[in-house]
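Residue numbers (our numbering), protein chains in the order written: chain R, 1 to 185; chain D, 1 to 285; chain S, 1 to 479.
Do not rely on the hints blindly, as some may be mistaken.
What the hints assert, rightly or not - Pair by pair, the computed Cβ-Cβ distance ranges are:
(1) N185(D) - G56(S): 22 to 28 Å
(2) G187(D) - I154(R): 18 to 24 Å
(3) A155(R) - K206(D): 32 to 38 Å
(4) A155(R) - D377(S): 39 to 45 Å
If you are wondering where the hints come from, they were derived from the structure by calculation, not from laboratory data.
Predicted, not measured: the structure shown is a model, and the values here were computed from it.
Note that beta-carbon positions come from the ideal geometry of N, C-alpha and C, so glycine has one too.
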Amino acid sequence: MTRDIRFLGRRFTLREALLLGFCATFIVLTRAALRLHFSLPGHSMFFLTFFLLMARGCVPKIGAATLVGVISGLVCMLLGMAKLGPLIVANFILPAMVVDLAGFAYPRMVRSYIACLLVGVIASATKGVTGILLDYLMGMDPDVVVRHVFIATIASAIFGALGAFMVPPVIRRLQANDLIPSSER
Amino acid sequence: MRDHTAFRQRRIRTSDYACQYMAVDSFVHRLGAGAKLLIGALLGAAAVLAHEPWSLGVVLALNAGYYFGARLTLSGLWRDTRYLLVQSVIIMGLYAARYGVPAGLWPGLQIALQIGLFFVPGVVFLRTTQASQMMRGLGKVLPYRLSFLVFTSFRFVPLFAREIRQIAMAQRLRGARLSGVDLLNPGNWRDMFHCLMIPLLVRALKTSDEVALSAEGRGFGIRPERTYFDALLAQKALPDGDRDDDAPSGSIGPQASVCGSTDRSAGSKASGRGVARRMTSREDP
Amino acid sequence: MLRVKLLSYTYERGRAPALSDVSLTVGAGECLCVTGQSGCGKTTLLLAIKGLLHKGSLTGDIELDAPDRCQEPFRDSVGLVFQNAETQILCSTVAEELAFGPENLCVPPDEIGRRVHSSLESVRLTGFWSRNVERLSAGQKQRLAIGSVLSMSPRLLLLDEPTSQLDAPGKAELAAVLRDLKRRGYALLIAEHDLKPFEDLADRFLVMEDGRILSESNRIPIERFEFGASGASSTNSDARRATEHCWKPRAQLGRLDGDKARRNEPAVATDGLHLSYPGVGEVLKGIDLSVVQGERIHLHGQNGSGKSSLLACIAGAVRPDSGSITVAGKKVTPRVSLFGKVGYLLQNPQRQLFEDTVHEEVAFSLKRLRLPASAVDRQATEALETCEAGHLATRLPLSLSFGEQHRVALASVLAPRPELLLLDEPFSGLDLQQRIRLLRILSSLRDRYGTTVLMASHDLVLDPSWSDRRLTLENGTLA
Chain R
1 MTRDIRFLGR RFTLREALLL GFCATFIVLT RAALRLHFSL PGHSMFFLTF
51 FLLMARGCVP KIGAATLVGV ISGLVCMLLG MAKLGPLIVA NFILPAMVVD
101 LAGFAYPRMV RSYIACLLVG VIASATKGVT GILLDYLMGM DPDVVVRHVF
151 IATIASAIFG ALGAFMVPPV IRRLQANDLI PSSER
Chain D
1 MRDHTAFRQR RIRTSDYACQ YMAVDSFVHR LGAGAKLLIG ALLGAAAVLA
51 HEPWSLGVVL ALNAGYYFGA RLTLSGLWRD TRYLLVQSVI IMGLYAARYG
101 VPAGLWPGLQ IALQIGLFFV PGVVFLRTTQ ASQMMRGLGK VLPYRLSFLV
151 FTSFRFVPLF AREIRQIAMA QRLRGARLSG VDLLNPGNWR DMFHCLMIPL
201 LVRALKTSDE VALSAEGRGF GIRPERTYFD ALLAQKALPD GDRDDDAPSG
251 SIGPQASVCG STDRSAGSKA SGRGVARRMT SREDP
Chain S
1 MLRVKLLSYT YERGRAPALS DVSLTVGAGE CLCVTGQSGC GKTTLLLAIK
51 GLLHKGSLTG DIELDAPDRC QEPFRDSVGL VFQNAETQIL CSTVAEELAF
101 GPENLCVPPD EIGRRVHSSL ESVRLTGFWS RNVERLSAGQ KQRLAIGSVL
151 SMSPRLLLLD EPTSQLDAPG KAELAAVLRD LKRRGYALLI AEHDLKPFED
201 LADRFLVMED GRILSESNRI PIERFEFGAS GASSTNSDAR RATEHCWKPR
251 AQLGRLDGDK ARRNEPAVAT DGLHLSYPGV GEVLKGIDLS VVQGERIHLH
301 GQNGSGKSSL LACIAGAVRP DSGSITVAGK KVTPRVSLFG KVGYLLQNPQ
351 RQLFEDTVHE EVAFSLKRLR LPASAVDRQA TEALETCEAG HLATRLPLSL
401 SFGEQHRVAL ASVLAPRPEL LLLDEPFSGL DLQQRIRLLR ILSSLRDRYG
451 TTVLMASHDL VLDPSWSDRR LTLENGTLA
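This is chain R alone, in the form it adopts within the complex (with noise of 0.2 Å):
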């Protein structure tokens, strides 16, 4: 019995896949926990790239992130923390995609410091999008739309710049201590 059990078009193992399961139930957990005690716009933001990079350190294989965005957005509607409805996933994906397509292009970006900043900052950025869309949709004054955009996004930006900053000390104990691969594939 050779043969390992994979994962979503052979891509990830039982394990791996697993793991980035449970960065998801991070994400839904701390999502919970700061709901309870701080009510800033865009704080969730923080741990969302925090675990979205941690996803990609720990299983170094581009599309994980968007597993991890993938299931945590479908757990926080199980749990009914998804007060935007189906949005949430795009809230979650599209983050986890820029983490993916930045590992893509740059595979060692989880150990640098301004490699994460500049993801983080991204994939934060991502929520103006759909900020944008809903905005549009609703006839809003593009003149309006922007400025509005503008103040929703700034503050998910400086939390996931954060979160992301604190990605690159926590991959690299972690990898010292060979408990995550230190080389990319």
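With chain R's structure known, arrange chains D and S on it following the hints.
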């Protein structure tokens, strides 16, 4: 271990979560998840299209009817929508800044209301649909291996919540700055990642090893297809003595015996999920 | 049923073989117990028999009488129950969990229903059909884990340390379930430290060391695992040596330094402590506790009796509904920090390690206490020496073995020289040698620092004379 489960419950219960399942019986509760999503889509579209005061009024009335038709409460509505208030204030402020005070107020209010109404059907969906119902729906839509991942992540939510609480408690006694007050100071956030997140990730790595072995040991993934067993359906066929004795003695309503717990928050969310799988048995190609 | 011949296995990155030339047989209706210290290869042996070792090099033969009923390379006639019930349960409700295995094997749903039903009966969980797994006790979870394997109708059952998380009634219930299974013709292979519960269940006992089988006998290998009631009847030389120079009962204890022993002041005092959780009810019902400075207390009680809650209250991590707690002369309130005064060791030490080196790990609290660098260094080194972990100082904490991590975590808790040490199930996961070592370390604390030790455990301490007092917590009250 029971004691830790418990103090999680205390904290979550005293909080007032928005969008939690309400264990009452109403025609909306009895609708299928698909029907509710369809109604939601229609109401959402109506909110997008309603620009005039009268049409907005109609949509508002429809949504109110939908919300209260589901026997949801006014205080519930406040909890569900107060997050949107901040949003509304920002939008109205922006409009006022752009067009001046009397002129900008109405369009601002209109947009804010539209956005609010756009979200109400989703709130009703979450308030009237049990996790188990959603899981069954997801099981139909998603490929099995993906839904397995989603359900496993879901199953481990309480376990990791307990884990986080334990780690935080021990590290605080070792001097880590992890209390709520400490975390208001960004200077202490480093502690959260080092003292809390590293042990947590280490646990996650270990747990994923163990869960993977357990799944593999029970034949997960050895065949491309699998059968489906419906626990609820099979339970109904059992003699009385074998019925679950866990159903709460119900004062909650006719649904209580089926749906179990009164809320679905992280604390006690899982108790009513006896009905997670599909009704029919089939083999996936 | 099972014949293993000259089985050897080396892990992919392992230097020494994890198993070497292991041969054994288990017949139908027979129960074989494998025992040995942590890391002796017990778990690897079970994984090899189940066929879950993919990488590394495996030589030798594993023969099973029961032919596998499915074409896939999967040994469905062997069922493996892992050590940690909590993480091997994959579904949210009992019935789903039991159905998980058969579903994967494409058993028709009607047949699954019958199997789920009979598995529930076999593990004595009838009536738990749609119960949420989070609401089960540790013992019930363990039995559910066994049931979830039984529903795949194996002939041979492998169990990896099934009693490690269980209290006495849980162990008894488990043994009864296994006895039934054995009578019905299942072959059982159990890897376990604590053989007492299986005394009249097991037919033979194997002792393993470093991947080899040392001996086989029909009785519990007494000389290694029986630790006499008071240490006097012990035939184990290690245990005797351990008892010789430590854990003097309080009565024999020499005078403590006047400064440290505030004789008349209790180290811990609780008065009318009540704690309840919504949905669970009252967990602590008026606990009045008084512990003298330097006392060693064993807080005994079954799972769910409120031990952990009591420790959490004393540590100031949970606020009681009513009642007062005084620790080291200070009243415990949310605003008083007990940091540095109280040490608290978690059940699983892996949960509190995070630094780059063991030394830094231990020094963490000291730095947070803003001690001068020289004192930090001295106290950290001293704590490591106390915990017999001085040689590990430069290692990475997260890459150590379980036993080593346990000692490092203890050192990190002890470094600030707490007046009170709280331990929650400190023995779980440790083998006999490690347990003795832990007791030895804990005993030395009083002589050196006058530390009060409050240990919560559902097991009896190896040597009852270690503790000055044993308190039994039952349903939230002290008996």
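Verification of the hints:
1. N185(D) - G56(S): 22 to 28 Å: 48 Å, violated
2. G187(D) - I154(R): 18 to 24 Å: 22 Å, holds
3. A155(R) - K206(D): 32 to 38 Å: With Cβ atoms ~35 Å apart, the hint holds.
4. A155(R) - D377(S): 39 to 45 Å: Once the Cβ atoms are compared, 44 Å apart, the range 39 to 45 Å for D377(S) and A155(R) holds.
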